[in-house]
Amino acid sequence: MPPFLIATVCVLAVQAPSPSLTARDSAFHALNRLAYGARPGEADSVARIGVMRWIERQLDADHVPDPRLAARERQFKILDYDRADLAGRYRDAVRERQRMQREAAATGGGDSMRVRGSAPMREFRELGGELQQLAIVRAALSERQLREVMVDFWTNHFNVFVGKGADRFLLPSYIEETIRPRALGNFEDLLIATAKSPAMLFYLDNAQSVAPGSSPPRPFLSPFRRRRFGMNETRRQPTGINENYARELLELHTLGVDGGYTQQDVINVARIFTGWSIERPERGAGFVYHDWAHDQGDKVVLGQTFKSDGEGEGVRLLKFLANEHATMHHVSAKLCARLVADEPPDGCIDAAVAAWQQSRGDIRTVLRAIFTSPDFWSAQAVRSKVKTPFEFVVSAVRATGVEPDDTPRLAQLVARLGEPLYQQPAPTGYAETEEHWVNSGALLARMNAAVAIAKDCSSVPAIDDHAQLVDVINELLLGGAMSAHTKSVILEQLTDITDPGQARALAVGLALGGPDFQKQ
Amino acid sequence: MTISRRVFVKAGGLAFVSLGLDPLFLARAAFAAGRPAVGPSDRPILVCLFQRGAVDGLNMIVPHGEPEYYQERPRIAVPAKDVVDLDGHFGLHPSLAPLKELWDNKSLAAIHAIGSPDATRSHFDAQDYMESGTPGVKSTGDGWMNRYCQHDREHADTPFRAVAFGPQLPRILAGSAPSLAIDDLQAFGLRVPQEAARDRLTRAFEELYDGAGTGLLASSSREGFEAVQMLKRADPTQYRPDAGADYPPGRLGKTLLQIAQLIKADVGLEIAFADCSGWDTHVNQGSSEGQLAARLRELGLALAAFNRDLGDRMRNIVVLTMSEFGGTIRENGNSGTDHGHATAMLALGGPVNGGRVLGRWPGLGVEQRFEGRDVAVTTDFRDLFGEILTRHLGTTDLSSIFPGYTPSPARFLGAIRG
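First to last, the sequence lines map onto chains H and Z. Reminder that position 469 of the first sequence reads as 469 in the working numbering, one-by-one numbering, no gaps. Reminder that position 379 of the second sequence reads as 1379 in the working numbering, one-by-one numbering, no gaps.
One chain only, chain Z, in its complex shape:
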């Protein structure tokens, strides 16, 4: 397949230069040219989960050593006796107990007081900035993950290089580098119930587009049919998780299971992205039990199952959670939290320098807070994303991925083993 694809690209390249076709197609074809074959690999993989709605970082990674935490949250603080202690000062919410094992074997790190340099408390704006990678600049057209794919060309030989799990391509992956949105791995391709009829229709469309000559329609359809074929061989319907990994019911568990499938199918996945929602806890957030606890339980179980399922392959995988901002330090009148500033993120996997809470902790004292009410941001999220791109995925050109930002290894937190 690799050979025929290269021939196509080469032949296509000659043809479209003379036809003056658009430079994007040229760029996409260039991605595909001269790539190593896709196969079982030791290539690094990044899996990102976006906790939409702003997770309350203080109840996820609990600063149980801070008296202010308990003073400000009489109804929703997680009691010290319930916290899964990490380092004497911070601890996991009890719902995340399944992840303690990973902390102990040094493959789980928490990053606290991380967020955006932009002060917005709008979900919409803050998510937008975290995905575009340009806080404060609304007009950035593409997302930072797509820009990584544009500039780092190592994986372009597969349609599965960058995959978002969901019905639409999220902002973070929007842009000129090819990326896929897959709502359901088993339903990817043409939706015809009987397999024989499906194969026939697929071949018919494939032939139709074969005649489309060159251009984006031809190259993209080819990528699509290739993806369908690769998935058919991988046969996602027959998937059984390894090591008795038990994914929790619900969207998140199903998504992580499908990401694990795709990784094990060796189709060249490098970046996987998925949303998990339900973190905007303004009312009755709960403490050790309750709304947030239920969401965190699902997260903890899903991540633990993913880690178990992938087993030894986790040596090349980093899973990162992210969220647009955190909750207020003080609980509100409805036993919830309002929109705050900094939050916490989790990084896990073999390459992670785990067993540590990373980032400078600003403290919860009134004078240490952002605008007198929120956890201050001491780590710009681009420093963490930049470190993972550099030290895990091996990119050398951070400044084009985060325009307007001067990345500096001196600000890296040490989240990835050197």
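Pulled out of the complex, with its shape left as it was, chain H reads as follows:
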């Protein structure tokens, strides 16, 4: 039996992961970090199963049945279209818009706003909105909560901005085919999949990185011809290397900014990936390797020589990077910042790195090491993290029993709170730490969102007795952690309200928008 399994079995025998936490508090904590918060009654059911056993089930996501989500997913049209379909729809929308622009200009109208509203473009935009709404429905409803948390983590770690040219139609397949199947898999596989994904190749410009002086055999139709499918940002045939992907690969995806690489390493990494590009959209915009564009010289990265052997060289480099100590440390620290604390203690990071090393980057093994680390269960970690806007909205939806509908309403709420999904232009992705999410405007927006969500609350019964009402809210929404101050302020606000429905809406709104619910 491999050592990590022995460790798991030992931990499973332990009833409560921390002496300072009750079984129910442990369950609530686990639901805050491995899931998007507790649904009504869920903390009790997890405590009954045993929190470590529940964690094991979450790690084994494939065996968790999820029929309700599957039924909801079928309502999303975007899942019926593959990359080529979406490329075609986008091309049609762009053509229609150009036609209307020409028409508007010919009739002397300069109103470009009207042109934007063309039907195919509107339809395409609605599909983009669906993608955001789908993320919310999955996070809110899935029984495989940890997988959804990890999909969000990796989507953000390997960020692609949906608003950049072709990524408008490449992003859905990136989420569905590149990230989701690998969210609990192996880091190396995930890294290679993102490197070969058309969305990333386009986003960080590697698709147009070619060895200086190389030129395509004729006839060659470049995907970068002017104004083709909105990719008009590069006009001519590319003429040299583009370091963008290489730099972010080292700095963000693998080694980290202090990972010990030099500018020359960046250049050599870029040379290794010359020729990694994408097909024309008519052909499905898939990954393609152009040997004519590849730098055929040998390259040295971090002291390792990479002999030129075409496409295989890049794969060897990615495998090398995936298993570098700096990578393990950088990504483990980031995982701990998400799952444990904004400034994670060394203990959980070291445990994650050790698990990474011995499992060669098995994500589930690394996660298990974090969840069994004492740091994860420490009093300093519990309720210490401020929720991101996405976590805030989804946890509020789960706690209140609001059914996420097909309208973009909830996605718009998340955007208004500062985290529009898939719309972070910078390759860093969204930040994990509280200083990025807590500012005065954003807090007021959270209060407004809380009041809006509270109107649809179905999990809390409309009770006449205010003290009882506040107790129920405390249990369902905050796992019993409502401060005495919050309780008294809410009760005071309820004094002259006689309608139980109105009292519920106000009390739930204050509880969701107040300071206690911002934390997890």
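It is worth saying that the hints were derived from the structure and are not from the lab. This one's a predicted model, so the numbers in the text were calculated from it and none came from an experiment. Only true hints are included.
No farther apart than 35 Å at their CA atoms in a straight line, the calculated lysine-lysine pairs in the DSBU-like style are these: (1) H:Lys455 / Z:Lys1254; (2) H:Lys319 / Z:Lys1138; (3) H:Lys77 / H:Lys455; (4) H:Lys196 / H:Lys307; (5) Z:Lys1254 / Z:Lys1264; (6) Z:Lys1106 / Z:Lys1254; (7) H:Lys519 / H:Lys334; (8) Z:Lys1232 / H:Lys487; (9) Z:Lys1232 / H:Lys455; (10) Z:Lys1138 / H:Lys307; (11) H:Lys299 / H:Lys319; (12) H:Lys196 / H:Lys334; (13) Z:Lys1138 / H:Lys519; (14) H:Lys299 / H:Lys196; (15) H:Lys196 / Z:Lys1138; (16) H:Lys307 / H:Lys334; (17) Z:Lys1232 / H:Lys519; (18) Z:Lys1254 / Z:Lys1138; (19) Z:Lys1138 / H:Lys334; (20) Z:Lys1138 / H:Lys299; (21) Z:Lys1100 / Z:Lys1081.
Beyond 10 Å from chain H on every Cβ pair, some chain Z residues (computed): (22) Glu1068; (23) Arg1330; (24) Gly1355; (25) Leu1364; (26) Phe1370.
Each residue gets a CB set at the ideal place from its N, CA and C atoms; glycine is no exception.
Given chain H, work out where chain Z should sit, using these hints.
Okay, now just chain Z, sitting in the frame of chain H:
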């Protein structure tokens, strides 16, 4: 209010040191400590408009003295007879005629051939660089305006020091210094239709957060409620522009009107930022009339209204337009322009050394162009931004605002009066 706030910060400071709370909160609290009170002031104000989509600088500030301009743009050049001449060589697009008055009284300057040292022709990358202030470096986490706020602590006593008008905080203001994104001044705060109910809910949330002790949640919510109160007193719903200023209909006019409101409300605004979009004119750009003309007309009318509305207060205000790059010198096959390199910017206001086209003009000859096709960049945008930060806002630490760049007053264009 100032006194109670300082007491809070002081008391909070003692508490969070012992609790070991995050250094950002310490930093934010430090901003607030020891500040002069906010009040009607002669403090300088910077208003920035980002023309997203890359405005064609050549049709905005027209080089009507250059034969190449007319040779390369047979369909979209602005005819010399329509150009509002400035100095015999350059002129305003006719849609910007409302600004001529400001040129004549020396409070409007144009900056030509300005842009990024990075050659990218991607909107996305170029906007990113102009906002991060670090051309060529993607990983810069914060924007240069936020870094200015981090290092120059004169205004931190107000939640309204740095305000972006729009639903989200733009990249240029992202970072650790507090800044606000306001989509609509009148709707800022809790969204409850009846005023009494709104006030009540606001007080309830205020009380809830009062009990949150110290930390970022407590200090930020306090700033938020303070902002709500300040705005309530300023009563933006009752605003009437002065001097019969007539803002054009549309988003830009409304935004500039709200910026004027906030300035006149004396809530401590130092930096205002807003987007105006629709400048990416690849198809049927038009010349004296058409798409670009319509966008420029709105810009000209809005800026002129803003200037009139603020009247004497313009003595402390600089308004700057910026855009990620310009159009190609030669018109394309669709009577538009493709992504070029350098563009033009406008600076107006009392402190502006106006009545001049600033920057070294590289010319439009083939050998003078960037990569044989575009207006060359002769002024790095950081030289202009740096000059405004130094000579207008009075910063002394440019190198931390533009990391990796060595600012030099020798390269300043003289956009701000000495």
